[in-house]
Amino acid sequence: MLLELNRVSKIYGTGCGRCLELTGEDSDRAICPVCSSVVAINGVSLAVEENEILGVVGESGSGKSTLLQLIYQDLAVSEGEIFFNGITDRSGRKKNILDLPPAPTAWIRNHEMSMIYQNPHLGLNFNFSAGGNIAEKILGSGERCYTEIRQRALHFFGKIEMPLSRIDDYPETFSGGQQQRIQIAKALSSSPRLLLLDEPTTGLDVSVQARILDLIKALQYEMGFSMIVVSHDLGVINHLTDVTLVMKNGSLVEYGLTDQILEDPQHAYTQLLVSSKL
Amino acid sequence: MAHAGNGYKLKVENLKKSFTLHNRGGVQVLGFQDISFSLQKGQLLAFSGPSGAGKSSILKTIYRTYLADGGRVLFKRGDGSEVDLASCKESRVLDLRRREIGFVTQFLKILPRISALDAVAHPLIETGAEEEEARRQAREMLMRLGIREELFELSPLTFSGGEQQRINIARGIIAPKELILLDEPTASLDEKSSSVVLELLGDLKKRGIALIAIFHDQRKIEAVADIGLCVKRSE
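Protein chains in written order, with my numbering: chain A, 5 to 282; chain B, 69 to 303.
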């Protein structure tokens, strides 16, 4: 088991002890009727194995992106535990990575996990060159030798099928699709065990989407990392993922093999989502 | 029904499946029920029966694309251990699909940007074969199935229905598996291609692979099947 979430919740607001119970799947709302807190994630538990690709689907506001941000620790969890990569405490019991001090937390973010954002401005520093962005990630993962950093940056830039001569250009001089590719190179340059992708191709031309999805799939096959892909596009989910979870109002309503979710959806909401495919 | 005791490859017990359409007022549609059989290594079980009787649904339920409502699908792995495909964890199913259980769908489902040769070589590469060797075997398989060489580097989605189905079959049977499920493998094929496919299925049987196939043609069934099951809707 590479990643495990145990009843993870995220509440915006004061919280009142009844928020989780009064919101989510059955009550069909994400706002607590007692204290008006927003329950963005309601007691989600999941597991991702090595070399496994998990898709997360649901409508806007269902909590998909928030879930990724909690895993990557861009946001703080309100309740629950996250276990990752066999990390244990001194007695050998699996350790909640949310309880780790800053240095090991940074290690996980820099070395073991990577995130690709829908908006390249969130994943790239537009004040650094493309190569500089990739180098920053490599530096963060522990490499200190300049030549090594440069070589690896060039290597990953080539892997995303970009002309090496452009590695020192700035992100704003690239197209949206190319910026996503640079994010991919940056994310993979630390050879992470888990890659998180938040709507990686939304907003891009269909042909660009296709090339990028093919690229991601090929790199995953070659490097063997696990992935969690958030998308509202069932075509992307179908193309990339092995298993899928469906979210509504911050709750997990269904989980299963991707082909099963798409061809034999059990939950009413999943059936609605799947039937809405154009 | 053949009782094989412990020597089975697949043992299906009282399998049933119905569909509940929540967005249509919760109406229930029966897929199939009371499906039980036992299949040994090297045997071919042929499903036949009228359209809509549930034959494809049974195959999909065995493969876990559909979730069974009841019953068990006991599979004997290559290492001798037994697993119930209907109730085991998703990661176990994924592992089995990669290495031990194959599925040839009724229609070719493939990405548009992959060549016929690569599509057929890929399942071999996935099981660890060298790329060159995989492509060589893929080439052989495609030629045996009568696909013209000039089509090898093209996307199969531009091919005729019969050609697509031959690519689909090639993909499904090229890599060594323990059990292969085939949904109407000869439906779109002419007599000559059908014969080649039946020959290939015979070869697989000789290698000890267990097969379940849906056929409409009685003669084809008699040519290859060890067990025949007719699926009917109960009125």
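Hints listed in this document are in silico derivations from the structure and should not be mistaken for laboratory results. The beta carbon of each residue, even a glycine, is placed where N, CA and C say it ideally should be. Among the hints, a few may not be true.
Stated by the list, open to error - Not the full set, but computed from the structure, chain A residues with beta-carbon under 10 Å of chain B:
hint	residue
1	D209
2	K221
3	D237
To be verified - Some chain A residues flagged as far from chain B (calculated, every beta-carbon gap over 12 Å):
hint	residue
4	S195
5	R197
6	R215
7	L266
Identify every previously stated hint that the structure contradicts and give their numbers, smallest first. 1, 3, 6, 7
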